[in-house]
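Colleague: Letter by letter, the chains look like this.
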Amino acid sequence: MHVTLSVWQALLIAIWVALIESRILGFATLTMRFSPLMTGMMVGFIMGDIKQAMIVTAAIQLVYMGFVAPGGALPAEPSIGAAIAVPVAILGHMSPQGAIAIAVPVALLGSYLYQFRFFLNTFALKSMDRFAAAGNARGLGFSIMVIPACISFALFIPLIFIALYFGAPVISSVVSNIGHGTIIHVLNSVGGGLAALGIAIIMQVIGKKTLLPFFFLAYFMSVAFAKLDINMTIYAVFGAIFAIIYVMLTQRNTDKG
Amino acid sequence: MHVTLSVWQALLIAIWVALIESRILGFATLTMRFSPLMTGMMVGFIMGDIKQAMIVTAAIQLVYMGFVAPGGALPAEPSIGAAIAVPVAILGHMSPQGAIAIAVPVALLGSYLYQFRFFLNTFALKSMDRFAAAGNARGLGFSIMVIPACISFALFIPLIFIALYFGAPVISSVVSNIGHGTIIHVLNSVGGGLAALGIAIIMQVIGKKTLLPFFFLAYFMSVAFAKLDINMTIYAVFGAIFAIIYVMLTQRNTDKG
Amino acid sequence: MHVTLSVWQALLIAIWVALIESRILGFATLTMRFSPLMTGMMVGFIMGDIKQAMIVTAAIQLVYMGFVAPGGALPAEPSIGAAIAVPVAILGHMSPQGAIAIAVPVALLGSYLYQFRFFLNTFALKSMDRFAAAGNARGLGFSIMVIPACISFALFIPLIFIALYFGAPVISSVVSNIGHGTIIHVLNSVGGGLAALGIAIIMQVIGKKTLLPFFFLAYFMSVAFAKLDINMTIYAVFGAIFAIIYVMLTQRNTDKG
Amino acid sequence: MSETADIQATNDEAVQEDTPKRIPQPDKITNKDLMKSWFGWWWANEVPHTFDRMLAPSFCFGLIPSLKKLYKDHDELAKAFQRHLLFFNTQATWGGGTLTGVTISLEEARAKAMANGEEAISEDMINNTKVGLMGPLAGIGDSIDSGTVQYIFIAIFLPFAQKGNFLGALLPFLCFSIATFIYGYYLTKMGYTLGRNAAKEIMTGGRMAGIIDGLGVMGLYMMGILAGQYITVKSYLKFDINQKTFDVQKILDTIMPGMLPLLTVVLLYLYFQKQGLKITRGLLYLTGALIVLSIFYII
Amino acid sequence: MSETADIQATNDEAVQEDTPKRIPQPDKITNKDLMKSWFGWWWANEVPHTFDRMLAPSFCFGLIPSLKKLYKDHDELAKAFQRHLLFFNTQATWGGGTLTGVTISLEEARAKAMANGEEAISEDMINNTKVGLMGPLAGIGDSIDSGTVQYIFIAIFLPFAQKGNFLGALLPFLCFSIATFIYGYYLTKMGYTLGRNAAKEIMTGGRMAGIIDGLGVMGLYMMGILAGQYITVKSYLKFDINQKTFDVQKILDTIMPGMLPLLTVVLLYLYFQKQGLKITRGLLYLTGALIVLSIFYII
Amino acid sequence: MSETADIQATNDEAVQEDTPKRIPQPDKITNKDLMKSWFGWWWANEVPHTFDRMLAPSFCFGLIPSLKKLYKDHDELAKAFQRHLLFFNTQATWGGGTLTGVTISLEEARAKAMANGEEAISEDMINNTKVGLMGPLAGIGDSIDSGTVQYIFIAIFLPFAQKGNFLGALLPFLCFSIATFIYGYYLTKMGYTLGRNAAKEIMTGGRMAGIIDGLGVMGLYMMGILAGQYITVKSYLKFDINQKTFDVQKILDTIMPGMLPLLTVVLLYLYFQKQGLKITRGLLYLTGALIVLSIFYII
Ligand SMILES: OC[C@H]1O[C@H](O)[C@@H](O)[C@@H](O)[C@@H]1O
Ligand SMILES: OC[C@H]1O[C@H](O)[C@@H](O)[C@@H](O)[C@@H]1O
Ligand SMILES: OC[C@H]1O[C@H](O)[C@@H](O)[C@@H](O)[C@@H]1O
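Chains as they are written, first to last, in the UniProt record's numbering: chain G, 1 to 257; chain R, 1 to 257; chain X, 1 to 257; chain D, 1 to 299; chain C, 1 to 299; chain E, 1 to 299.
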């Protein structure tokens, strides 16, 4: 299977990924990052085969339906997965299923890259504090936006470029070798468990230990009623109702007290 | 299809319907009105074919299983539907399914007739107020019972008679023409939505805005657990339990306060 | 079908049953009594066919999965059932299904025997009271443990011995005659209803009438969600959550009051 | 409860001063009187149904015999008639039965106090009790009587009808009519007893609020269940973009199942909340909207 | 709690005056004593089961070694024995373990106070605590130990038994016995610690009420679940009218699923409520009724 | 709220005395300023994400234009910058939008009071409000925006993508971005209005506690739902005894379905509870544990 991209194609895709993963396009990047769709579309444009790109991406999307990142931890980076898997699939005339087999492990690796960004960003904090103490608004803004953005670009562009330009064939062979082996299993397990991090952080941040029973109530409702496939909005309504009744019942006291 | 009723047959059925729809037989008319069964039976007696009448009526009943009219709005008048559909079906040797096709639109039309009665009844209010102010018990009773009853009779007897004596063939042809067309769709949609009227009225009449969360709780429980087919009595028990616990938790305060 | 046990075999099994049913081996006898497994195993040892004994016992166990005896009433004594049915099945080369047909009625009868023990134990109370009033610790201990144990032994050993040594063939023929007749039906019905006794006792002993709504809540949750097969632990968690929230909401008042 | 107060104010044409005057001693209310009043209400029930007073005339009709025994004074009798012609709506047995009993006992307490020259329960208190309980009891009663009891009897005997036997019609009718008549009467008596005991409490406030609250919770809860099970509004809108069909109802179900029925009832509720309980207009607007939307197959 | 008070009164033949007299200093309660008492209760557990005292003798049996160390005064020891022979029933580990610990710590506080001539926890307080907690803890313990833990072990090892391997019997037995013994002991120790801290609070009222309430909620909740899952009463009544078969159980299910089991337990509960906790009679009446009803295939 | 206080203390390097000094009158905050601040937060959102400050810098970035209008005094401006660089994390629209609004209104109240020499809302009060609301709002916002709104749009347009049409990618992106931007802005304005009205109340205590409690209930509830649906930890351990395979996950499901995911989140929660919110370490330990356990196929 002869798989190559031109320098420009590889570079353009790498830049696109960096734009998303640096989050420099604002909150709109959330859905670009959680979903492979926009990346798949861009790859299609760049490679001149939108139709095939979209078909492959749609298959990948199904794997990531419903991912959320409460408190910061997304168990995989679908957009990075798509950035690598879609070109490989197009060039290699692979089936959507084959593309998924590439996208999943790559997306898992990508999620470690994204977390790594958090460490690197720490370097920007010193200058933020300095500018803030000096009351320097312009400097503060610079250190908040420009430094982290540059860090992300320096991190993602080369890596993705290399992976695409030199790595595509390697990746597809590596991926087919590790197949359903232990590495994939480990990556999957870590991904599945990492979701707990963000949730624990938010619970901690909410901080009211006396309200924890409502966490457990919800947890076991979602377990007990799993077979009923209850829609998230409906759960949110239940949460709101419990909150209102709870406040009603406790406020009365306070009012009277 | 040659379909005719004798004058007496048509008149007797029309009177029966007026007795029910005027509600002059007391609260017992509730189930006569919500269910087509008693009307179907009477039609059978009058037309001398009880057996066939009952079989057709039983099929119609299934369509109206579980109708309620909280706050006044019943989305269809099954007894009017039966009053027209059962004779037509008997005379025309129609299948129960054919009878349903006639009963449903007629019952929908009937429900507008019933609502129209509410308007007409308004004319009786003036004399009620007058007799009440005069402390005239006899006059008051008269204006409450006799005037509205006469109004209903004047409304229902001629209309149903005409529909049966002249209209039966027309009805069956009209109904088969509008078939599953837009008119039926509109009538159905209006019927399905009108149930909201009575419910909103009762909510308004209960009037405690702070207790509305329990309305939403119930609504979404019934949506979320739809697949479990939970019996209404059990929901009523849940309602009672929530009410008791709510009062328990709020009364304590008041007692202490 | 020629079915006999040696005197020693019958006696050993009878003693084993008495050990369990007297409860003289402490709380560990709970699971020996609720489950036929240990008795089946012992019968296998005694009769030299562990393998067959275990297979038969496992089938019987399935009938008694999930039995509990809140407040004292177990609707059947599976271990007594096994003590009779397993030997009969082994000697008669019966199928596990046949063994169940014997075990079930015997276990039902056994449960009346166990209840009868409660009456007999009453005789020990007088001496307990006497020793307690005298502050005689040794005598008290004797009357609590030794007298009831002896009563149970005197009750169970002869009965079980006779049933096994003389009765096994009789039992199997009797059982096959009453088949699915009225007696079995009565025994089953009584067994199924007796579970209510213990539950009512504990409800009475808990004694807080104001908390009864939680009993009904649980009852109807278990009825309404029956199709979901919700695990008992999860129900226990719900119970705990409701308890905590309830106390939270009522304590606040008291604290403020 | 402000909206119910509105209703009252709207209908209450002659505002009466409430300084209780001395009137003749009332006759004792017997079980026979309760039966008469219960039967009166049961009989008139939905005969004089209108949108502005709803079932008030029937309620008043039922009370006539009892009120005549209580108010020998002609003016007070007239005032009693008038106050029970104001807006009133409830379900027949659980609501109407109970409230017939409660109201008679409160009227009795009022009449006695006036006869003895003591401080009497005011007209307002009687009204507030009636109006506070009518809604919740309607919610409960509709679910039990119309929604459950009725269909249980029908379901049990339906197989007869399916075989062409007229008992399949007669038996559910008889069972329902007799059962509801009987327990309606017991509810009337219970209401009367409750009312007697509560009369003092009602004057001072007390636990009545808790009972109304509790019934309100249950009434609203049952309305929620009925709304979830009986309002059927769904979208039939479908459109094609690029050969792909969009089914709006499916999309709505992704967002939140049961959205349109809830929307319907909430919009109506808010309409009444803002405009007062103008039922006729609500009915017209709702019907109009449903027709327009369904003609275009939006719903 | 009036019914438990009844029980007490019934059994309590010699009513003791509670003016605490001066007694010798008690010995210190060690972990070994707790283990002895836990083991005593564990061992005697259901041996002396009767309908009128239930498991009280076993509970007393467990306490003997500890009470002997606490009450060097012969009279006080006798009184202590007597008060722990009164009606008592609870589940072995969650109930009995915990309450063994709690009771010992309360008795210790009482003995110490009496030795020092201070105001002591009264016999009544000890009794009320025990009696208030025994029911809820029974409900919880039965669900956990008998209803869950036991069957989990059985379920896990059942495949062994099905293949004819005796480990399928031995392992669930060993696991259950050892596990419950160990956590029962920890519960005893926890109860003892709790009791020490609570002793003062119990004397003054305080949070104890909240704990008992909470456990009561949970206990009753679990009883509801057990009732829903383990009481099986259904009607086998069928009759034919007009060639159509009426299945009474189906009709009952239309009205309200789970009606008969609930009825059974509620009737028994009300019987005990009215007549006092006369268990033997309850058992006889219940059995009698079940036999009669089932002979005629009504159930 | 002790843990959030910890966070604050950890990050708060320069503890400031809070005696409000006299500063120049602030400019009026206009809708345009709110838009600028909302856009600033929206834009910077997760750009400077770190484990120790989380999204605080982005929040501060958004506030810059507003703070410059409020604090003409250079020192106070610097202090304001510094206090909004402390640990902060929330969801973008429901959390960040609302809190941007609330914070600006509180800062405005503070600046005004200082200019007029009145008693000002303290830095602590501003911080506590922000910190008290950020968690619950994050829980709610994540469920709604990321978990629901986003996937609804994707689900609706996915069929396009499946047919190879690029609208299947563009439309969900546009819809989500535009919708969230718009309601985020409205939430900002609403937060600002709320904050204005609440400013006085916040200073005196009042209902704010109830709101925070209520949002806390809902936030934790949603976290429970997300935990139940998105954390996937299960055991792959199987072992054979006597030719019989033991599947550990099945056994765990017998004991309590959903045990391992719950355990994971509870252990992490307790770790943070004990050690403070050391996220990096939590991440490392968790990853390490997951790797080790999964290499041996324990999970
Ligand atoms: O959970 C709140 C918030 O936490 C982190 O900052 C990120 O994961 C966001 O996407 C998320 O909304
Ligand atoms: O809802 C209460 C009541 O409202 C109206 O009066 C009618 O629909 C009755 O049938 C109903 O019981
Ligand atoms: O219910 C508490 C307790 O009651 C009785 O003593 C027995 O049935 C025990 O097995 C049970 O644990």
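Treat the hints with caution; some may be incorrect.
[Said to hold, decoys possible] Heads up, simulated DSBU-like pairs for lysine-lysine below, C-alpha to C-alpha not over 35 Å straight-line: (1) D/K163 / R/K227; (2) C/K112 / C/K36; (3) E/K234 / G/K208.
[Claimed, not checked] Coverage of chain C stretches by chain X, computed from C-beta distances (three or more under 8 Å per stretch; other residues unrestricted): (4) 35 to 49; (5) 56 to 62; (6) 82 to 92; (7) 98 to 112; (8) 136 to 143; (9) 165 to 179; (10) 260 to 268.
Bear in mind the hints are in silico, worked out from the structure with no lab data behind them. Where a beta carbon is used, it is the ideal one built from N, C-alpha and C, also for glycine.
Colleague: Each hint needs a verdict: does it hold in this structure or not?
Modeller: Hint-by-hint comparison with the structure:
Between D/K163 and R/K227 the CA atoms are separated by roughly 31 Å; this keeps the pair inside 35 Å, and the hint holds. Distance check on the hinted pair: C/K112 and C/K36 sit about 21 Å apart at the alpha-carbon level, within 35 Å; holds. Note on E/K234 and G/K208: the hinted pairing holds, with a Cα-Cα distance of about 29 Å set against a maximum of 35 Å. Counting residues of the segment 35 to 49 of chain C whose beta carbon lies closer than 8 Å to any beta carbon of chain X gives 8, which reaches the threshold of three, so the coverage claim holds.
For the segment 56 to 62 of chain C, the proposed coverage by chain X is satisfied: 4 residues have a C-beta within less than 8 Å of a C-beta in that chain, meeting the threshold of three. Here's how the segment 82 to 92 of chain C fares: 4 of its residues keep a CB closer than 8 Å to some CB of chain X, so the rule of at least three is met and the hint holds. A count of 0 residues in the segment 98 to 112 of chain C with a Cβ less than 8 Å from any Cβ of chain X is obtained; the coverage claim is therefore unmet, three being the minimum. Proximity of the segment 136 to 143 of chain C to chain X, defined as three or more residues with a beta carbon under 8 Å from a beta carbon of that chain, is established by the 6 residues found.
Note: the segment 165 to 179 of chain C has 9 residues with beta-carbon separation from chain X under 8 Å; the three-residue rule is met and the coverage holds. Under a criterion of three residues with beta carbons nearer than 8 Å to beta carbons of chain X, the stated coverage of the segment 260 to 268 of chain C is upheld, 5 such residues being counted.
When held up to the earlier numbered hints, the structure conflicts with hint 7 and nothing else.
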